[in-house]
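So you can see what is in the structure, the chains are spelled out below.
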Amino acid sequence: MISSLISHPAFPLAVGSLFIFIFKEKANLISIGSILISLFVLLFITDNIDYVYKSGLASLNYFSYSKLAYLFCLVFLIMGLIGKLFSIYRDSYKEKAMVLIYISSAIFVLFSGDFLTLYIFWEIMAIASTMVIWSSNSDKSLSAGNRYLLMHLLGGLILLLGIIGLYIDTNNLQIRLLNLDTWYNWMILVGFLLNAGAPPFSQWIPDAYPEGSYSSTVFLSAYTTKTSVFILIVTFAGSHILMLIGIYMIMYGIIYALLENDIRRILSYSIVNQVGFMIVGIGIGTELSLNGTAAHAFSHIIYKGLLLMSAGSVIYMINKYKCTDVGGLYKTMPLTAICGIIGALAISAFPLTSGFISKSMIVDASIHEGMQLVWLMLLVGSAGVFLHAGIKFPWFVFFHRDKKIITTDPPIYMKYAMIIASTICIVIGIWPQLLYSLLPYPVDFIPYTGNHVVSQLHLLFFSALAFFISLKYLERTLTLTLDIDWLYRGKIKYIKLLTKYIFSMINKTENIFSFTSLRNKFATLEDYLLRQTTISAMLILILIIFSVSLIMNIN
Amino acid sequence: MNDRNKIIYTLILLINITPYLYVFYNFKKINFNIDGIIGFYPIFGFLACISLIIIAKILAVVLKKGDTYYD
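Same order as they appear, the protein sequences are chains A and B.
The working numbering numbers the first residue of the first sequence as 11 and each following residue consecutively.
The working numbering numbers the first residue of the second sequence as 15 and each following residue consecutively.
Careful, some of the hints might be misleading.
Said to hold, decoys possible - Okay, derived cross-link-like pairs now, DSSO-like style, lysine-lysine, Cα gap no bigger than 27 angstroms in a straight line: (1) 413/A - 78/B; (2) 332/A - 42/B; (3) 413/A - 332/A; (4) 64/A - 77/A; (5) 77/A - 150/A; (6) 20/B - 506/A.
No wet-lab data here; the hints were simulated from the structure.
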């Protein structure tokens, strides 16, 4: 068991996180070192090997090799390394340790061979990422983390029900292609989709991620949604309903990002948008589209990390979060601006960047299948990405009205991290074969044809024109946009309103009771109920883990 | 002349180049009939963006609230 764990690429990270708790001063060294060891371990994985831990009734297949998992693991580790470089100045060993556990559990999910193992690490990932959100130590992050955890425990329980149904019916938990003809497969799909930010709960991404610290958002953006994309490729490739869900996510991301004011929230909405492209690719389900989805996930992780790093640099240097507070930063932070623009070009799939060579695969796959409507929607999406992330983000942060903010570029390691990420974006864009050779299916696709380049340039130039013509209407205001979370966030507000209304009614006759104290009691009860649900969900989780370990050790 | 106008004029200069890009476009390799029309991509991209902005603005009437709505 131990010898096979050592050759697992997630194991060094898990050990590294333990070491961070012991040697708190060496947190940076340990985290970068353990990621490098993981990369080294990954280099030696070439064969189809399966490691299974057998005990009593249950067996856990915690390492099963596939080319797709290798690709995702590689990009997870690269992003981990860049992110760790970026967060060197972040003074919180807890965050650094939790990030390592988070990455490690995400990699365990990639390599798990059965649904039980996947479920265990799925939940560890949810808890570790909540800890990463909480580590920014603000009140907002506390409540956002609570909502995030509730959402993920809900998704986890739905997934668990599906897995139990699958086991009872087929007695086979091996991860394989499922079809949507039974209720438990639907529940598994819902559990996975909830982590990808699918409707109606897409809102947890822009709700929780921007509340992390300037460095932790970089990590959060990369792992949870992309493990979900990975597992959807493996289990539900070709389910046509995913195309509808993906198109909804593309449009949702664009429209909400257009209304948003918080810098990192704009970028979080564009995560939903980009994952939407991947979900459409999974729904199409041909070899070309699955290749495209994997390639798009790879390039997305890097350029989204780059964008969030440039936003993080702005936050680190001037501690301002909103578009209305910043502007004209290209004069004082030139390198951050250049890297941010490279990331913005990559996300909008400008030719010679990584986004172009991956997204055009998904778009072409829809053409090969003759899906004209899907293709048109993807074109709308491509134009809209440039609108909300490609121009809006750099324009309102680095240009627009010069707010005369005196600052400089961030310290040296943060610069290195951004430069490395932008180099990867451009190198993959110029030599796509580097990425194509890693894809799960053989690639017979040429991104740089005249038609691809010309159509993309036409789309982008004219959506830029549309942006600047309607700039007056896109002016940022100090507002937030309501979403599905209104249902469970606005409650206390309405209880207050209701008590206020009753109070005024009673006040007309006679004020006998002290209604302020009653209102306070109401708020306390509300708070108590919320905590109860969290605790009970945690207890269920612990019970599950206990029962699993009991089953395994029964003989 | 402010920044926005400068950028719009630069863009218009760039957009003047876009028709010449059709030199590299192979009309025999079109996917559906619709993208064989000259000017399909520019017009489609422009209209898509404008309509997205209009939808966002309509939704904003209902969904936009003050910054401290949840506090």
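**Study point:** 27 angstroms Cα cutoff - pair residue 64/A, residue 77/A
**Key:** Judged against 27 angstroms, a Cα distance of about 25 angstroms means the pair holds.
Practice item. Please work out if residue 413/A and residue 78/B have their alpha carbons no farther apart than 27 angstroms. Key: The given pair, whose Cα atoms are some 25 angstroms apart, holds under the 27 angstroms limit.
Point to revise | Pair hint outcome, residue 332/A versus residue 42/B [Cα-Cα no greater than 27 angstroms] | key: 48 angstroms, violated
Check your understanding: Given the hint that residue 413/A pairs with residue 332/A, does the C-alpha gap stay at or below 27 angstroms?
Key -> Since the Cα atoms of residue 413/A and residue 332/A sit roughly 13 angstroms apart, the hinted pair holds (cutoff 27 angstroms).
Check your understanding: Does the alpha-carbon distance linking residue 77/A and residue 150/A stay inside the 27 angstroms limit?
Key -> Violated - the C-alpha atoms of residue 150/A and residue 77/A are around 40 angstroms apart, more than 27 angstroms.
Exercise for review: Below or equal to 27 angstroms on CA atoms is what counts here, so check residue 20/B against residue 506/A.
Suggested key: Distance of about 51 angstroms is beyond 27 angstroms: violated.
Taken one by one, the earlier hints fail for this structure at numbers 2, 5, 6, listed in ascending order.
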